[in-house]
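6 protein chains.
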Amino acid sequence: MSEKFEQGKPLAELHLGEAGVAAAKDSSPELLNFVVEHGFADMYTDDSLDQKSRKIATIASLVTSGRLPQLEWHIRGALENDLMNKDEVKALIIQMTIYIGYPSAFNAMKVANNVFTEF
Amino acid sequence: MSEKFEQGKPLAELHLGEAGVAAAKDSSPELLNFVVEHGFADMYTDDSLDQKSRKIATIASLVTSGRLPQLEWHIRGALENDLMNKDEVKALIIQMTIYIGYPSAFNAMKVANNVFTEF
Amino acid sequence: MSEKFEQGKPLAELHLGEAGVAAAKDSSPELLNFVVEHGFADMYTDDSLDQKSRKIATIASLVTSGRLPQLEWHIRGALENDLMNKDEVKALIIQMTIYIGYPSAFNAMKVANNVFTEF
Amino acid sequence: MSEKFEQGKPLAELHLGEAGVAAAKDSSPELLNFVVEHGFADMYTDDSLDQKSRKIATIASLVTSGRLPQLEWHIRGALENDLMNKDEVKALIIQMTIYIGYPSAFNAMKVANNVFTEF
Amino acid sequence: MSEKFEQGKPLAELHLGEAGVAAAKDSSPELLNFVVEHGFADMYTDDSLDQKSRKIATIASLVTSGRLPQLEWHIRGALENDLMNKDEVKALIIQMTIYIGYPSAFNAMKVANNVFTEF
Amino acid sequence: MSEKFEQGKPLAELHLGEAGVAAAKDSSPELLNFVVEHGFADMYTDDSLDQKSRKIATIASLVTSGRLPQLEWHIRGALENDLMNKDEVKALIIQMTIYIGYPSAFNAMKVANNVFTEF
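Residue numbers (my numbering), protein chains in the order written: chain A, 1 to 119; chain B, 1001 to 1119; chain C, 2001 to 2119; chain D, 3001 to 3119; chain E, 4001 to 4119; chain F, 5001 to 5119.
Errors might be hidden in some of the hints.
[Unchecked claim] Beta-carbon label-pair distances, calculated as ranges:
(1) A:M1 <-> E:L4068: 23 to 33 Å
(2) F:Q5007 <-> E:N4085: 19 to 29 Å
(3) C:S2027 <-> A:K52: 22 to 32 Å
(4) C:P2010 <-> E:N4081: 50 to 60 Å
[To be verified] The calculated DMTMM-like cross-link candidates involving lysine to aspartate or glutamate, where the alpha carbons are at most 20 Å apart (straight line), are:
(5) C:K2086 <-> D:D3046
(6) E:K4004 <-> D:E3080
(7) B:K1086 <-> F:E5030
(8) C:K2086 <-> E:E4030
[Said to hold, decoys possible] A few chain F residues that face chain A, going by a derived Cβ cut-off under 10 Å, partial list only:
(9) P5029
(10) H5038
(11) D5042
For the record, the hints were derived by calculation from the structure and aren't laboratory data.
Every value quoted in this text rests on a predicted model; they were computed, and no experiment measured them.
No residue lacks a Cβ here, since even glycine has one placed at the ideal position from N, Cα and C.
One chain only, chain A, in its complex shape:
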């Protein structure tokens, strides 16, 4: 593993949980490698935004794009590592209806509700 991977891995695990990183590796070790080195090591380490702000931004983006498997891991990581609580996640999904409408929000809330049962 590269030095950059080692630098980004803790941030990836903070946001996706250890199980989330393992699942991503299982799905594609090459893509995991790139996203940890490029995304988490190079971008998430810029202190202009704290990790809670980055989590909010990521969830907003994934609700908007409808990429639900990733949304699930990012909500799980948020709750597991106390970056956000359930009420914050719900308020965020509700706010998104203004920008992308109700169907995307309902689909996201279903994912969130499933994760909520684990906590």
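Got chain A sorted already, so can you dock chains B, C, D, E and F onto it with the hints?
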């Protein structure tokens, strides 16, 4: 104007600036009415998320969906009312490359850079 | 339940069926509340468009955005409450290929075919 | 010109206006050829849906996908050939907020308002 | 079957495999008819691009739009008929991260990995 | 400039042209840096796909996502550096109608036609 509109209007102005609300009214008074009553009065008043967090979520969503005229007003409102500073906006757009790729991020950064020259 | 919810509920049930409204409530009572008050009570009651026209517009939008769980409920409601028949739904999905291509249309037709077996 | 093109051309002109068809030809004669033969001749001639219903579906789809140049021509054709009036177009765009949110609706309404000044 | 369908069918089978064409027919004979006549007969027969180039373009488009059932059939057809090999498909999906981000790429790679086990 | 940037820069210039890379730098030096290091140095150097195949994939993706400023630079780079000729670009855009419909294809063809006048 309805009571709900009066309740939501200050939050709309906090996020879009007074000129942004005026521009939205000019574009469609009906849509402005609905978004202030439904969005800002009904949803942005839930204290689960503070207004800075809501701003971050909105910008992330608009960068993701590529709705650039609205992105422009939301960045302008963020800087005008000190919800975010320029470095935070830039770090947020850069983070979005992970989730939606570089073309959307470049287009958003161009909008942001134009707004930055006003401040 | 608010007065507005009571006003919008029959229109929500006309379009989604009673089971559809119940499923939406199960998924998120907050989102159902907002969509009934904001969407069905405030917007669907404007007589400029009749309910069949609104149904056509909704299905066209959901086929375009690929939000399939909502498409399923809206097709079911259309057939259940005689807003559209099967041939109209099929012709609408086929027309959409011009505007969004074949993959989205095939995915929508699969959803429609499943609902068709219930009627 | 093929027989199929001759068959589809009046329907293309009904929906886009003669100027709209000319503009499309100017932009790409090959694409115009294909869309008239495949879209208007093969699909719009199915009587399951009348031309007003097809117009509503098309506008809903274009508002949803944010393809604004085509939206402009389709609204112009709707008003020019009395398929829809201004109030119907406005009500349709407002309804779309439920399914795709306010930014797309504002952008569409701006296009519509510009076309409205011609009539 | 029309002459045009007969002309396009071998190209449809080259790209989707015989089972893919059968599955599409099962899903919607009307849509299959149109896509074979309009897409494969009218467009894929233009020699400006060879069939491998067209396959690359299709997979890039489907990864970008996230239309995963079609992506699956197009990857299967690529491997079955030697238009692309596994390494090429993987490199293509990885390249797409630049243009659309990691979530879409991960979802596509999962589809690809499932198809890879058949070969 | 980092070693990785130096490694990726010639590939970025092959695909976007020198003027395209300069324009991207002008728009955002940070984003250019990341896309050259992560995209062109790390991903485009994998020999599984040759540069013409990568160009085809990129144009297909940008036509699909409707990111037109980037499409313009990528078509210009393709013609400038003989990765594709005009007929190939046109055939590719026409093929995309199958997967994403005519509006996106018309918008892309307009961009392409403008670039074609330079060559």
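Going straight from one Cα to the other, do K2086 of chain C and D3046 of chain D come out at no more than 20 Å? 14 Å, holds
Grab the minimum C-beta distance from H5038 of chain F to chain A and call the hint holds if it beats 10 Å, violated otherwise. 4 Å, holds
Measure nothing beyond the straight line between the CA atoms of K2086 of chain C and E4030 of chain E; if it is 20 Å or shorter, mark the hint as holding. Since the Cα atoms of K2086 of chain C and E4030 of chain E sit roughly 14 Å apart, the hinted pair holds (cutoff 20 Å).
Mind checking the hinted window 50 to 60 Å against the Cβ distance between P2010 of chain C and N4081 of chain E? 54 Å, holds
Status of the given 19 to 29 Å range, CB of N4085 of chain E versus CB of Q5007 of chain F: Since Q5007 of chain F and N4085 of chain E have Cβ atoms about 26 Å apart, the given range 19 to 29 Å holds.
Straight-line Cα separation of K1086 of chain B and E5030 of chain F no greater than 20 Å? 14 Å, holds
With 10 Å as the cut and Cβ atoms as the points, is P5029 of chain F at the interface with chain A? Hint on P5029 of chain F: violated, closest Cβ of chain A at ~14 Å, above 10 Å.
Should the hint that D5042 of chain F touches chain A count as held when the rule is a Cβ pair under 10 Å? It holds, given that the least Cβ distance between D5042 of chain F and chain A is near 7 Å, below 10 Å.
Just to be sure I understand the hint, the distance between the Cβ atoms of M1 of chain A and L4068 of chain E should be within 23 to 33 Å; is that true here? 30 Å, holds
Go ahead and decide if the range 22 to 32 Å is satisfied by the Cβ distance of S2027 of chain C to K52 of chain A. 27 Å, holds
Given the hinted pair K4004 of chain E and E3080 of chain D, is their Cα-Cα distance within 20 Å? Roughly 36 Å between the alpha carbons, so the hint for K4004 of chain E and E3080 of chain D is violated.
Hints 6, 9, counting from the list given before, are not met by this structure.
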